[in-house]
Every structure is written in C-alpha cells, then in structure tokens.
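Assembling the complex is the task here: the two chains are given apart, and the hints tell you how they should meet.
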Amino acid sequence: MTHDLPEAMIKQPETHRDATIDVRDIVATYKVRTQRGASGVANLRARTVGSINEVHALRGVSFTAYQGESIAIVGRNGAGKSTLLRIMSGLQRPTAGEVLAVEHPTLLGVDAALIPQISGARNITLGCLALGMTPAEVEEIRPSIIEMSGIKEFIHNPLNTYSSGMKARLRFAISTARTPRLLMVDEALSTGDEVFRGRSEERIRSVLDGAGTVLIVSHSMVAVQDLCTRGIWLHEGRVHMDGPIMEVSEKYRSWALAEDRRQRGLDKNQ
Amino acid sequence: MTALMPTEAALTSVHDRTPLWRSLKDTWRYRHFAEQLALSRIMASRTDNKLGLLWEFLNPLMTALVYYLAFGLVLGTRKGVENFEVFLLCGVFTWALMSGSLVECSESLARNSRIILTMRFPTLVLPLSVALRQLLTWIPMMAVVIISALTSGEQLRVNWLVLIPATLLSIMFGSGVGLLLAHLAARTRDVASFLPFTLRAWMFLSGVFYDPMVRFKHVHGPVGWFFHYNPASVLMEMTRGAFLHTVGITHRQWISVIVLSVVLFVAGTLTFWSKEGPHDA
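Residue numbers (the numbering used here), protein chains in the order written: chain L, 1 to 270; chain Z, 1001 to 1281.
Chain Z extracted, bound-state conformation (with noise of 0.2 Å):
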C-alpha cells in the first residue's frame, strides 16, 4: 500500500466549470457589486461633462425635441395623434431603456475584457449592472412624461401600473438580445460595427414618431404581421397606453411580447452562462 495522500482531495482544479445554479447563485451574492459598478460608469461616464449627470436624462429629452421637430413638425407625423408630446416621449424612452439594454449587455464582456482577465467574478453581474444602470436612467426619464402627461391634462389612473411591466419586458427583451449576442461581440468587433445601422432601422420601422398599427392597419401578409406582433412598437405602445386612452395593445400583443421576451431573457442567460468561465488560450 503506498502512503496516503491527504492534500490530493483538498485540491481542485482552477478551470472547473460552475454549475448554472452556483453561477446565478454567486451572481446574486455580489449583487452589491453589480449596484457599485452601475453607479461608478454612470459617474465616470460624465465626468467630462459640466452638466455631469443631468446628460443622463437630457439626451433623451434632446432625442425627443429633435423628433419632434423634424418628424413631428416638419413631416407631419404630430397629425391624427392624440397628445403627441406624451406619445413621442414614451416612445423615445422605452426605445432608450430596450437599446440602451440591448447595445449595453451585448458590449459587456468586450468593454469589461480587463477587469474579466484580472479579477474572478460571475460574468452574469456585468450585464446585471446593465440593467440596473438602464433602470436608473429610466427614472428620471418616466418622471418627465408623468409631469408632461399632468400638465397636459392626463388624470392620474390605475393604467399607470402598466409602466411596471413595460419597464420589466423592455429590460428582458433588450437585454435577453444583448446577452445572446455578447460573445459573439467579444470575439469580433463586427458585431459593434453593424449593430448600431441594425437598430436605427428597427427604431425607424418601429413608429418612435409615429403609430405603425394605425399607419398600416390595412397592410397584411407577413409585412402586416411584423409591423403588429414588432416586440419595440408593442412595447412603447404598452407604455403610452399607461397615459393615453387612445392607445392600447391587445391579448394577443400581450402574451406575444410577454412570451418573447422571457424566451430571449431565458436562452440568453443559459448562452450567456454556458461560455462563462476562462478563456481558451
């Protein structure tokens, strides 16, 4: 019999994968972590600026006085449209909260490549952090439209409970597609490249300015179908149906969008989690 060996079980190896439940279990351990680092790139964000942290809000403030004017104003989309202030500010917010998630969580293992090469932690708080950075900047933004729904003579109702659920989807959706595109992101610049003509495209065909369900109500076929079941336009339609009467999904938007975004938030967590860990050399 050779002798025992007793420091051969207390050893394991460095590289072992972890589980999903440790990962989302670690995960939430260094939540607090996740809430630091939010608050410190929104600082470090503005730094440069004079105006520091009031640019969180006023560049989507400035987004939607844009639109206003040029598409608003200029085109004419301001016509047939109930309360165009409100609606153009729904639309612009809820866009910033599902592209801000989506851009932001695709680019997180690439932006974050060293401090993910020197420190070990659950990968899964970086885009966490995402969300919680995108849910602060979404404050103050949700309190303009509540103050410009007031002013305009919008009553305080029970529909206003929707913003919760329209928050929680747009967060999921965007940051369901960002996660599954993340390590692809990280491996080739590419995708950063093509990301941002992708999404203005989407932002466009997705009424920011306009209502694509009244605008092409009479279209069918596949290109009817897009312009209804479009996740971004039933989100902000979600979110302006909390303000406006005028504005409402139906069931079937609803469980469409609901289904979609837990479906996408799900498979790119498991994608996200399946190639954490360290990297191939």
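Okay, chain L solo, but in the shape it has when bound (with noise of 0.2 Å):
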C-alpha cells in the first residue's frame, strides 16, 4: 500500500510564536480480540473468547503546533486520525509519548454528551455545565448558543425530533460557546448548511484571533482547505507529510486518486 506515496516532507514553522500544543512521538497500541482462526475442542477457549491481536494505531507521531494555526489532520480510514485526536485532547492515554498543552483541550465530536429524548434548552444546560460552566454563565451564554445554532423555535422540542443538521449545529454551538485556547474538531464540518459553515468558520477564527489553535480533522480536503493554514498528513500511523496546507492537500489528492484508481482495478481484475 506504501508504493506510490510521494516523497516524505516535513517543515519545520517558524519557531518565533508560542507553542500551543506539542505531541512527543506518541504510540498507540490496540489490544484486540479476535474471533478467526479458532477451531477444535483444544481451542474452545480462543472460540469462546478469541486470541489477543495488537494494532498499531499510531508509530511515533511528533509536532508542535503555534498560536493562530489550524492545522488539518488528513488521512485515509485507519491512519490513526481519530486515535490521535482522543489522545491530544486528554481522553485516551498514549501507549508511549507525551502531549504537552497551554489547557486541556476542547474536542468537538460527532458523539457529544446530548440526551436525545430531553428538549434543545436542556441539553444547553447539560452540555455548558458538562463543559464547566457555572448556571448563572449557562443563562449569560444561552441566548448566542441558540443564535449560532438557529434552532429558536424548535427549541423546547426533545433533540430527537431533530434533523442531523440541526442536531450537528446545537452540538458546535454548545462546545465553542465558550472560545478555547485549542479547539479540535472531528468531521464536524461535514454536516451543516452554508449560512451555519460560514458561522462555524467565524468561530473558528475567533479562536484564532484568541491565539488559540484549531485542529481538524477530515477525509475532506475541501472543507478544510480554506480554514486551515497547515496540513499533516497521516499514513499507517505515521506522520507522512507535514506542511503548508496546499502542498499538502495537493500531494494526498493525487495519491488518493491514484489509490482509488489502482484499487478500483484491483477489484476488476478479480
């Protein structure tokens, strides 16, 4: 699968800014069940239960990332993006490596704390306290959450007679109600209409104005080609390229296709 890769690169940025957030060749291992290769009455065990697999999530990841950047983390299904993801934002804890942090970072997901059979107004609630807010900042807040959202007359509606969108916008309007110092963002750009896209790319650049950092991530390098400044690309759990976001996005679009193109020929000649 690595044939074909363009030639690594990795730029160093400019090192006159402050460093927001810095990832010390990080290692995830995966410990995983299996269910294949187990038969016979001596094997009842492995049949049962299955035989331990390692995955090699990630294998030595390492940047640092300044104040005013958005970076994309780009990469096919399985370079270890996600993974990734959940350690820099303090959920998952490296197999080896560290991640150093001005603050414990804010991670927008697809899956956020929502309780779907509970009203708009009371997942705000639940989500800004969730966040650490103190009531009376929930109540000071709530009015820019349900404009950033535009859900004002669905709002006393349970969350799941939401459509997606909707649901998607109340999720980033409630996790960037207050700005972080370092946002990550997982796919969430690939849900929302125009007029809520041009929304959430103003808050995101309220984060950069805050001298914050943002971090996406997504398969999508249209979405994230206007946002971002900087692009790193990830391949089977290594940092493959890292630099200016055009560069980047140039090089894993034409090895992307060429990828699909010799796939979808794998599969014709089968």
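No lab work stands behind these hints, which were simulated from the structure alone. Even glycine gets a Cβ: it sits at the ideal position worked out from N, Cα and C. Be careful, since some hints might not be right.
[Said to hold, decoys possible] Here are a few chain Z residues that face chain L, going by a calculated C-beta distance under 8 Å:
1) 1014
2) 1015
3) 1018
4) 1028
5) 1040
6) 1044
7) 1047
8) 1119
9) 1151
Here it is in structure tokens:
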C-alpha cells in the first residue's frame, strides 16, 4: 500500500511564535480480541473469548502547533486520525510518548454528551455544565448558543426530533460557546448548510484571533482547505507529510486519486 | 548558554493524574452538572411511557403489591407481623434505594462511556448524579410510607428522624459497593449479567417481606451471624423502626451498619478515583 506515496516532506514551522500543543513521539497500540483461526476442542477458550491481536494505531507521531495556527489532519480510514485526536484531547492515554498543552483541549466530536429524549434547551444546560460553566454563565451564554445554532423555534422540542444538521449545529454551538484556546474538530464541518458553515468558520477564526489553535480531522480536503494554514498527513500511524496546507492537500489528493484508481483496477481484475 | 524557552514552562501534560483532593474539589464544582444529569436521566427514561414520571414510584409500589399478594397473603408471611403493610413498604423501598444505588453506580462508567470519551470532567460526578437521582425518587416513596403509616393509626414520633440516617446509610452502602464494581463492570459485561441474580438471592435472604431477626432468631453460627448483621436487613429494620415500635435494631447492629457503610463508601470512592483519568490505549 505504501508504494506510490509521494516523498515524505516535513517542514519545520517558524519558531518565534508560542507553542500551544506539543505532541512528542506518540505511540498507540490496541489489544484487540479476534475471533478468527480458532477451531477444535483444544481451542475452546480461543473460540469463545477470542485471541489477542495487537493493532498499531500510531507508531510515533510528533509535531508542535503554534498560536493562530489551524491544522488539518488528513489521511485515509485507519491512518490513526481519530486516535490521535482522542490522545491529544487527553481522553485516552498513549502507549508511549506525551502531549503537552497550554490548557485542556476542547474536543468537538460527532458523539457529544447530549441526551436525545430531552429538549434542546435542557441539552444546552447539560452541555454547558459539562464544560464546567456555572449555572449563571450558562444563562448568560444561552442566547448566543440559540442564535448560533439557529434552532430558536424548536428549542423546547426533544432532541430526537431534530434533523442531523440541527443536531450538529447545536453541538458545535455548545462546544464552542466559550472560546477555547485549543479546539479539536472531528469531521464536524461535513454536516450543516452553507449559512452554518459560515458561522462555524467565524467561530474557528475567533479561536485563532484569541491566540488559539484549531486542529481539524477530515477525510475531505475541500472542507478544510480554506480554513487551515497547515496540513498534517497521517499514513499508517506516522506523519507522512507536514507543511503548508496547499502543498500537503495537493500531494494528498493526487495520491488518494491514484490509490482509488489502483483499488478499482484490482477489483476489476478479480 | 542556549536561548530561554519561555513556552516550555507553560505547557503541561494532558494525561497527568488529578490528585484526590483536586478531584473531589472538581466534583463539587460540577455538582450542578450532576444534578441536571440526574433530572435529565429521570425524564429521558420515562418518555416512552404515557404515565411518564409517575412510573418512578409506581414501580416500587407495584412491587410491594405483588409481594403483598404472593408472600403476605398466599405464603402467609404476614402472620405475626404488626402493621404488615407499612412493614412491607419500608422493606421494598429501602431495598430499592440500596440496590438501585448499587446497580446504577456499578453501571455508571459502562453506561456513560460515550460521554466519558468525548468530554472531560471528573468522573466521580457520575455516581454523585446516581445518588441524587436515587434521593429524588426516594422522596415520593417515603411520602407513600408516611401516608400509609398515618392512615393505619401510627403517630408522628421523634423516631421518624431515624429516616435521615437510614436514607444516607442506604445510599452510602449501595453506592460504595457499586463504586467498587464500576471499573470491572466497564471492562466486562459479565458483571452486569451476574449482578441481578446475586441481588435477587440477597434480597430474598434479607427479609423484604418477613422479619429475619424474628424468623432466624434461634439460628447460630456464621449463618445466624449473617442474618443478624446483614446490612440490607439492618437498613430495612432501621427504616421500619421509624414507624413501628415493634421493630428496632440493637446498638451493635447500628455500629456494624455505620462502620460497614462508611468503610465501603470511602473504599469505593478511592478505588473509583484511582482509576479515573484517560483510558489506556
């Protein structure tokens, strides 16, 4: 799979700015129970509970992000993007290596802590309190969340009656209600209409203006190209390329296209 | 001399362990979240029912009714027990409070794995929210017991204040055991599958619908000792003692249940905390 990869390129960014997050040689290995290859009475235990297999999600990832930088992390499925994001946000401990940061990063995931059966208004309360706000701060910030998510008339309806776009908007509005210094976004920009995309870009810019750093994980280069200044391409658990977004995205796109073509060619031959 | 790096000092590891004191302080800071989570969960759990929130105490009330018919009338455990209705209600409700705290605390990590994976907050908030939820559903249950006690001719007495330690100790004992199990339950579903049977056996031995202190008075040795100091029985008798002067617990039983509840609660909290923080890859 690694042939056809363009030559690895790692450009060190200027160092006069202040670092916000420093990722040092992160390794992540999962132990996974498999169900394959076990038969016969002797292998009863292996058949019922499976045998242990090691999966190397990350094999030593290092980079430093600086104030005002917005970084796109790209790569194919299984390249280790989501694992890296979870480790950077402190939710998961790496097998080796460390992550140093100015503050605990805010992770904006697709699976946020919202409860589907209760109203949007109650979910705003719950979400903001989970972020560590006081009840007074929640009330202060509530109007701007409702405005940002654009769900004014549905605010008292249960969340499970919302469209997926509405849910994504609400989640984004809650997570970014208080401008964080480190914001991590997991594919959130793929949902939502043009108006919302504009608003969320505003929020991301406000993080950048406040001397923060934004990291966005995405399959789609188009969504992140305008928003990001730097691109990191992960391939099989390693940083394959790290540099200005335009260079990385161009190389990544042509490689992905070639990969697709090769894959299709293989399928046809079979 | 190399150049100074002022940023180095400002950066801290995102995977550092939180010390116990900080963790407890953070949990207190997140108490409003625990409260809202408890309320939201109660609301969310009953939205599919027409009777909604009413089920929160219809459920133990119906359990009491079934036990009344099956054990009280058919098997005749009612005989020789003064004011069996209040006796039974106290038993069912106290068991519901204790075992509810136990089961939900043990499931607090497994059931909230999504929240834990996406948001960072002190995880002790989750059992705190369980305790609050149990307390909220306990209030209407106690209202039912008080009404049935008053209508069956019991008088308002100072003894009713025993309900306060009975409530606190039931929650502490139940959540203490639950907290000890929580991390194991998050790792393997076997705990959740095994727990209901253990609890059912324990409940039948604890005398929800009969008085083990009377029935097994002449049993000696470890078995008799179990019936005498079984914390579930002692807690039920404590609640009953508030209303019925024929039921009461000895000083030794008081001490045993207080010590056991406090020790389990502290041990559970420490165990839960010691495994807090980022999951290993």
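Verification of the hints:
1. Annotation: interface hint on residue 1014 of chain Z holds; nearest CB of chain L at approximately 3 Å, less than 8 Å.
2. Of the supplied interface hints, the one on residue 1015 of chain Z holds, with its beta-carbon coming within about 5 Å of a beta-carbon of chain L, less than 8 Å.
3. About 11 Å separates the beta-carbon of residue 1018 of chain Z from the nearest beta-carbon of chain L, more than 8 Å, and the hint is not met.
4. Nearest Cβ of chain L to the Cβ of residue 1028 of chain Z: about 12 Å, over the 8 Å cut. The hint is violated.
5. With a cut of 8 Å, the hint placing residue 1040 of chain Z at the interface with chain L holds, because the nearest CB-to-CB distance is about 5 Å.
6. For residue 1044 of chain Z, the suggested interface contact is upheld, since its CB lies about 4 Å from the closest CB of chain L, less than 8 Å.
7. Nearest Cβ of chain L to the Cβ of residue 1047 of chain Z: about 4 Å, under the 8 Å cut. The hint holds.
8. Annotation: interface hint on residue 1119 of chain Z holds; nearest CB of chain L at approximately 5 Å, less than 8 Å.
9. For residue 1151 of chain Z, the interface hint is violated, the least distance from its beta-carbon to any beta-carbon of chain L being 36 Å, above 8 Å.
Comparing the model with each earlier hint shows violations of hints 3, 4 and 9; every other hint is respected.
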